[in-house]
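**Student:** Residue numbers (this note's numbering), protein chains in the order written: chain Z, 1 to 560; chain V, 1 to 84.
If you're looking for bench data, these hints aren't it; they were derived computationally from the structure. Careful: at least some of the hints might be erroneous.
[Unchecked claim] Heads up, simulated SDA-like pairs for lysine to any residue below, C-alpha to C-alpha not over 25 Å straight-line:
(1) V:Lys57 x Z:Ser304
(2) Z:Lys259 x Z:Arg536
(3) V:Lys57 x V:Glu68
(4) V:Lys57 x Z:Lys259
(5) V:Lys37 x Z:Asp438
(6) V:Lys57 x Z:Ala56
(7) V:Lys24 x Z:Lys259
(8) V:Lys57 x V:Ser30
(9) V:Lys57 x V:Glu41
[Stated by the list, open to error] To give an idea of the interface, some chain V residues facing chain Z are shown, with a C-beta separation under 10 Å as derived from the structure:
(10) Gly13
(11) Arg17
(12) Ala20
(13) Val21
(14) Met47
(15) Ser49
(16) Leu51
(17) Asp54
(18) Gly58
(19) Leu84
This structure is a prediction, so every number in the text was calculated from the model and none was measured. Positions of the beta carbon are idealized from the N, C-alpha and C atoms, including for glycine.
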Amino acid sequence: MKRLRGVAASPGARRGPAAVVAAGSVSLPDAPVEDPVSEATALEKAMETVATGLEARAAARGGELSEILEAQAAMARDPELLAGAQRLIKERALPGGRAVMEAGEEYALALEASDSDYMAARAQDVRDVCRRIAAGLAGETSQLALEAPSVVVAKELMPADVADLDLHLVRAFATEGGSRTSHTAIVARSLGVPAVVGVDGLVSAIANGMLVGVDGDSGTVYLDPNPKTTEMLDRRSAERAAHIEELRTMAGDEPAATKDGTRVEIAANVASLPELQAALESGAEGVGLLRTELSFLDRARPPSEQEQSRLFADMAALLGDRRLVIRTFDIGADKPAPFLDTEEEEEEENPALGVRGIRLARRHPDILSAQLNAAVRTAGGRARVAVMAPMVSNLEDARWFAEQVEAAGGRSAGVEVGVMIEVPSVVFLMPELASLLDFVSIGTNDLTQYLHAADRMQGSLAGLQDPFSSALLRAVARICEGADAKAWVGVCGEAAADPGWALLAVGMGVRELSMDAGSILEVKAALRRITLEECRAAAEEAASAHRPEEARSIALSLLR
Amino acid sequence: MLEREVTLTNEVGLHARPAAVFSKAAGRFSADITIVKNDAEANAKSMLSVLKLDVRKGDRITVVASGEDEGRAIDELVTLIESL
Chain Z
1 MKRLRGVAAS
11 PGARRGPAAV
21 VAAGSVSLPD
31 APVEDPVSEA
41 TALEKAMETV
51 ATGLEARAAA
61 RGGELSEILE
71 AQAAMARDPE
81 LLAGAQRLIK
91 ERALPGGRAV
101 MEAGEEYALA
111 LEASDSDYMA
121 ARAQDVRDVC
131 RRIAAGLAGE
141 TSQLALEAPS
151 VVVAKELMPA
161 DVADLDLHLV
171 RAFATEGGSR
181 TSHTAIVARS
191 LGVPAVVGVD
201 GLVSAIANGM
211 LVGVDGDSGT
221 VYLDPNPKTT
231 EMLDRRSAER
241 AAHIEELRTM
251 AGDEPAATKD
261 GTRVEIAANV
271 ASLPELQAAL
281 ESGAEGVGLL
291 RTELSFLDRA
301 RPPSEQEQSR
311 LFADMAALLG
321 DRRLVIRTFD
331 IGADKPAPFL
341 DTEEEEEEEN
351 PALGVRGIRL
361 ARRHPDILSA
371 QLNAAVRTAG
381 GRARVAVMAP
391 MVSNLEDARW
401 FAEQVEAAGG
411 RSAGVEVGVM
421 IEVPSVVFLM
431 PELASLLDFV
441 SIGTNDLTQY
451 LHAADRMQGS
461 LAGLQDPFSS
471 ALLRAVARIC
481 EGADAKAWVG
491 VCGEAAADPG
501 WALLAVGMGV
511 RELSMDAGSI
521 LEVKAALRRI
531 TLEECRAAAE
541 EAASAHRPEE
551 ARSIALSLLR
Chain V
1 MLEREVTLTN
11 EVGLHARPAA
21 VFSKAAGRFS
31 ADITIVKNDA
41 EANAKSMLSV
51 LKLDVRKGDR
61 ITVVASGEDE
71 GRAIDELVTL
81 IESL
């Protein structure tokens, strides 16, 4: 047994055979081929298989990802690529895998040389397709096609890789790169599977099929776990499964409510269709935060209205009559998106306090209006849609945003309008905001950071990022008071996923909590055991506490 | 052999999906079809060759078809480019 250390990125412990996602390393035979004619035929067949597979996946996925997959399918069926590779087989007796990679490289290099970032990015698509073809010829399963429950091991997983996986077969994730906030970590948490990221030397130490244990609580990866470790992993995995099953029986399918029947919507934070599917399986009652920017980070140009409305409509179809809260792009200098070049804007000394969220939208109204039109179009198809803007800092921002929604036809399509509360200034503007809007959603991570003027990325200031801090709790209470039931109040920050914190928020008047799929059952179950009056009393007490620890222990007492 | 000139008006150019759609459409004809931009030419049935040609909004390209169904090919492909 060997033990590797990494960063604990998603809780739980599980084991299984490794499915190594090879980035660029397919085992390619070297020996000259003896029968070039049959090798050429085999290549043609392998290309067709890859093309058909990509098309099937494109059809199954829908949305923006299907476009990339469709384009890749066309590459796999490319007659010039085939002719070029077959020429190499005949003239140099190259094995098919090498031939196709060499022929493909010519196109990849030409694309890479383009002055357009978008074209250059397509070079990776060509290489990826050629790798799949070579893998098919070598008899290796396509890198990401899981056939049995597996631990997915990779250098780094790209969003497209993850979308490609049959998520029901993923037992756990382990990656060499990444941090707690990397894409793998977020996806793992939203699927409720364990993950360890940032493990040095991981990929070279693991072969396909090797037994691997992943402990997402301690951040450990076990290679070939010994019987004792295996027993420990299985026990914890079973305990967790039993616990989740228990929660599910107690709270899973019932609408979320307190013991005395106060409805609280428990929604999910998602960025993609697979995440939404996982969230719905965990009992999510809607989407409280769709992070729209995350689907398009691989783009050189802003996504079109059509493309976005396809994504929204796919989600709405899964949601049925449940609500979809679409947050418009939350990007800016500290959260760069390749499709919107913010470099040309002025230089920023404090990007977290700079041009981001709605501030950027006001400079690029066309990008916002494509999003709003797509949202309105989806709502017109009878979906329950809401839109909200990030980083609103005064009434003027909120009014402008509401006007844009109105101009897109939002009101008549029944689209609810809201803003995120993450800038402290708007906490004091609540009565007016509530009459302008249908709802507000509190982004606790940013609100806490801005309330305390403490950078949340700075580890040494983590103490100032506590959601149980008096200032944050009082801010939430004040927001609910100010909303005065004229607008509904939700929470979509990480704090909503903490059952104790969530109950305090409900006591203050919050009626929607949006979180990672993995926390939904836990919060639903906690709600069922308590009355609104108990939450109210605890909330009052917690808000008058002087230290976060006091407030936290008051919250914990609600869970007992 | 027939040829016709056309200007690309599609915002994103003949890239990725449009290139895939175009080459797929071209593949349905038996005629040999090439597109020419400046001095470079590409097999219209090859998505990668079309991509490599890097046709952008405003570029003028010539579609050349030669074979039994060349007339229909030119008509349909030029219409397709105009509607992308």
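**Student:** Can V:Met47 be said to touch chain Z, with a Cβ gap under 10 Å?
**Tutor:** Since the shortest Cβ distance to chain Z is 4 Å, the answer is holds.
**Student:** Under the criterion of a CB-CB separation shorter than 10 Å, is V:Ala20 in contact with chain Z as hinted?
**Tutor:** Nearest chain Z Cβ about 4 Å off; hint holds.
**Student:** Going straight from one Cα to the other, do V:Lys57 and Z:Ser304 come out at no more than 25 Å?
**Tutor:** Holds. V:Lys57 to Z:Ser304 sits at ~16 Å (cutoff 25 Å).
**Student:** With chain Z as the partner, please determine if V:Gly58 meets the hint condition of a C-beta pair closer than 10 Å.
**Tutor:** Constraint on V:Gly58 not satisfied, violated at 14 Å.
**Student:** Between Z:Lys259 and Z:Arg536, does the CA-CA distance stay at or below 25 Å?
**Tutor:** With Cα atoms ~14 Å apart, Z:Lys259 and Z:Arg536 stay inside 25 Å; holds.
**Student:** Using Cβ atoms only, decide whether V:Gly13 comes closer than 10 Å to chain Z, and label the hint accordingly.
**Tutor:** At 8 Å from the nearest chain Z Cβ, V:Gly13 passes the 10 Å test, so the hint holds.
**Student:** With chain Z as the partner, please determine if V:Arg17 meets the hint condition of a C-beta pair closer than 10 Å.
**Tutor:** V:Arg17 check passes; min Cβ-Cβ to chain Z is 5 Å, inside 10 Å.
**Student:** Verify the proposed pairing of V:Lys57 with V:Glu68, using a straight-line Cα cut of 25 Å.
**Tutor:** It is violated: about 31 Å lies between the C-alpha atoms, which goes past 25 Å.
**Student:** Would you check the hint for V:Lys24 and Z:Lys259, treating anything up to 25 Å between C-alpha atoms as holding?
**Tutor:** violated (59 Å)
**Student:** Checking hints one by one. Is V:Leu51 an interface residue toward chain Z, by the C-beta closer than 10 Å rule?
**Tutor:** Check passed: Cβ of V:Leu51 comes within 6 Å of chain Z, closer than 10 Å.
**Student:** Checking one constraint from the list: CA of V:Lys37 to CA of Z:Asp438, max 25 Å. Satisfied?
**Tutor:** Given pair V:Lys37, Z:Asp438 is violated - Cα atoms ~53 Å apart, limit 25 Å.
**Student:** Under the criterion of a CB-CB separation shorter than 10 Å, is V:Ser49 in contact with chain Z as hinted?
**Tutor:** Status holds, d = 5 Å.
Consistency note: the structure conflicts with the earlier hints numbered 3, 4, 5, 6, 7, 8, 18 and 19.
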